[in-house]
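J.: One letter stands for each residue in the lines below.
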Amino acid sequence: MIDPQLLKFVIDLIAVLLLALGIKGLSKVRSAREANRLAALAIGLAVIGVLVNSIASTGISLTSWIWIILGTLVGGSLGAITAQRVPMTAMPETVALFNGCGGMSSLLVAIGVALFPVETSSSQLGGEFVALISILVSVFVGAITFSGSIVAMAKLQGWLATPSWVQSKLRHSINIFFVVLCLVASLEMLRGGEAGLLLLVTGASLLGIGVTLPIGGADMPVVISLLNSYSGVAAAAAGFVVGSQLLIVAGAMVGAAGLILTQVMCKGMNRSLISVLFGGALGAGSSLDTGNKEYSNITSCSVEECALTMEAAERIVVVPGYGLAVAQAQHTLREVTRVLEGAGIDVAYAIHPVAGRMPGHMNVLLAEADVPYEQLKEMDVINPDFPATDVVLVLGANDVVNPQAKNDSSSPLYGMPVLDVQEARTVFVVKRGMSAGYSGIKNDLFELANTSMLFGDAKKVLGDLLVELKELGLGRKG
Amino acid sequence: MSFISEALWVLLLGSLLGLELIGKVPPTLHTPLMSGANAISGITILAALTLIIKAGDNGVLLMMGAIALGFALFNVIGGFLVTDRMLAMFSRKPIAKGGKRS
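Residue numbers (the numbering used here), protein chains in the order written: chain A, 1 to 478; chain B, 1 to 102.
It is worth saying that the hints were derived from the structure and are not from the lab. Just so we're clear, the structure is a prediction, and the values are computed from it rather than from any experiment. For glycine and all other residues, C-beta sits at the position ideal for the given N, C-alpha and C. One should not assume that every hint holds.
[To be verified] From the structure, some residues in chain B lie toward chain A, with a derived Cβ separation under 7 Å:
1. Val25
2. Ile43
3. Thr44
4. Ala48
5. Ala72
6. Asn75
7. Val76
8. Met86
[What the hints assert, rightly or not] Below, a list of computed lysine-lysine pairs in the DSS-like style, where the Cα atoms sit at most 27 Å apart:
9. B:Lys24 / A:Lys24
10. A:Lys28 / B:Lys24
11. A:Lys377 / B:Lys24
12. B:Lys24 / A:Lys267
13. B:Lys24 / A:Lys406
[Unchecked claim] These stretches of chain A come out as covered by chain B in the derived footprint (C-beta under 8 Å, 3 or more residues):
14. 29-37
15. 60-74
16. 80-86
17. 171-180
18. 232-244
19. 261-267
20. 359-369
Chain B extracted, bound-state conformation:
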């Protein structure tokens, strides 16, 4: 029973933490925040990795794990990069002030 009770505690505390982490968000950041949080949810790569590692020589399972890994990585890598691309535009403002393009 120890894993499951521990896991439930972890679930509860994690949820409470998540509720508290975001209080006020300026509207500017809604889109990047959504996309960033979305990238984090791709942490299922861990589950996919575990599946592949534990699959042994079960070909079907290995393939499913690899596809799951691919999907999750698509989410993680794409999500973080696209968030960075968006946020980079906000931090570019000192250059923009000088008007680098006409």
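For reference, chain A alone in the conformation it holds in the complex:
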């Protein structure tokens, strides 16, 4: 008979290896799907490891089994249903929701161990103090992850507006107060006080809310990525609490990898993490300042004119943005581009690194609409091609096509990488109205002579465009 402890050890090692390969593979397009399965397999193995070891050493009581099965059925099925049902456009809030639940789990485990000290390896070997510190960290990070993620989700869903008072400088003082509250609570817990735990949970939850609430929509993906990193830290802390090295490794890996990913995202948006978290020039703060945003020389045109220009074009570049995702117009867009391609027109999509609602989101949305992967061009690849482009169709994108970022050193956008659409012969901008983008900054592109505005909902405009193009006889040739 194999020693169950040895068996668990081997299983754990394999699981760590698979997790590392999984995270590595997820950063490459070709291996991503297999990598995701590897990671899932690793978690499955780890669960088997824990169960096998427990059965062999102390046994698992019937009541424990009942609760395990209950928790598994409820959590697992809800997760599966959510994953299947959720629309691709709602991906950012979905990730936030999942993430928050992971944080909640770490929080609950830590509270459980704090209330009813059970015999775990860390309490045997590490002593009271270490056990308490791990509980502290786990509660603190778990609570922040949970409340922060839920606020992020609510904001992305539009359930929660940003009240104007949270934009004020006062919010820093409030957050500092919450931090102090957490510190006091931690000291109280270390002293063995009863109220410390409750105070810490409250303080950390409020801190999570206080930090996330003022952050503007455009920066939310960065926050979710950061919270994702936190949930890794929470898992590692929970590993200290229950004495599981596998949990520590996995949590640390996710925590560190999440931090790197957050940084990569920040770079794509030309933002520093500090300015995202503490409010900088961009973000919701500056959108309050509504002055100096009047437009002059706006040319608007009809869908018919747009269709005629497109018919005569040889090369068309589509710039999809957040508005496209909101209008759920990616499928209509695909129909339009099919008609254009059928008429022998070269069509490409220019994908800004932060197009959509989070980095890479637009690629997912277009892939869902069957857009061939090769037609999606990254910014650096397509920018030199704009002068040779006849028509650019900007769909619900705004800040990422603002020439101010290149020309106006006083602009808050200055320095952000943008798509040089103004270099093209004609630019059509489909937009609901003249409202500003995320950043609340005026877009000089709209005033240029070669820009025409098509006002309306992206889906409706594209639908009309499709009809017009077909009337011109483009559909039949293909």
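Given the structure of chain A, go ahead and fit chain B onto it with the hints provided.
T.: Chain B only, in chain A's frame:
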């Protein structure tokens, strides 16, 4: 002292590994990677399981463990499935080229 010193080593090495694993990520994969890493952080199911197993006949603790397990599994199962759904769209490209729907 042995568990804690070992555990700290594990924490350190795990963090370093995590920093090294992701270097360049194409923007296409930012969203799936975030969601995949998020699913992995649901590995707290192990902690929840341990809690339930060690709870004995403490009803409150059993219930807390079960709720923690539920939350973590929601994260794990949902996270991996939704990541797979996203990635499946990328790998569908050979069919998409032929234009299976009009």
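J.: It remains to establish, for every hint, whether it holds in the given structure.
T.: Hints versus structure:
no., hint, result
1, Val25, "holds, 4 Å"
2, Ile43, "holds, 5 Å"
3, Thr44, "holds, 4 Å"
4, Ala48, "holds, 6 Å"
5, Ala72, "holds, 4 Å"
6, Asn75, "holds, 4 Å"
7, Val76, "holds, 6 Å"
8, Met86, "holds, 5 Å"
9, B:Lys24 / A:Lys24, "holds, 10 Å"
10, A:Lys28 / B:Lys24, "holds, 9 Å"
11, A:Lys377 / B:Lys24, "holds, 17 Å"
12, B:Lys24 / A:Lys267, "holds, 12 Å"
13, B:Lys24 / A:Lys406, "holds, 25 Å"
14, 29-37, "holds (count 6)"
15, 60-74, "holds (count 10)"
16, 80-86, "holds (count 5)"
17, 171-180, "violated (count 0)"
18, 232-244, "holds (count 11)"
19, 261-267, "holds (count 3)"
20, 359-369, "holds (count 7)"
Checked against the numbered hints given earlier, this structure breaks only hint 17.
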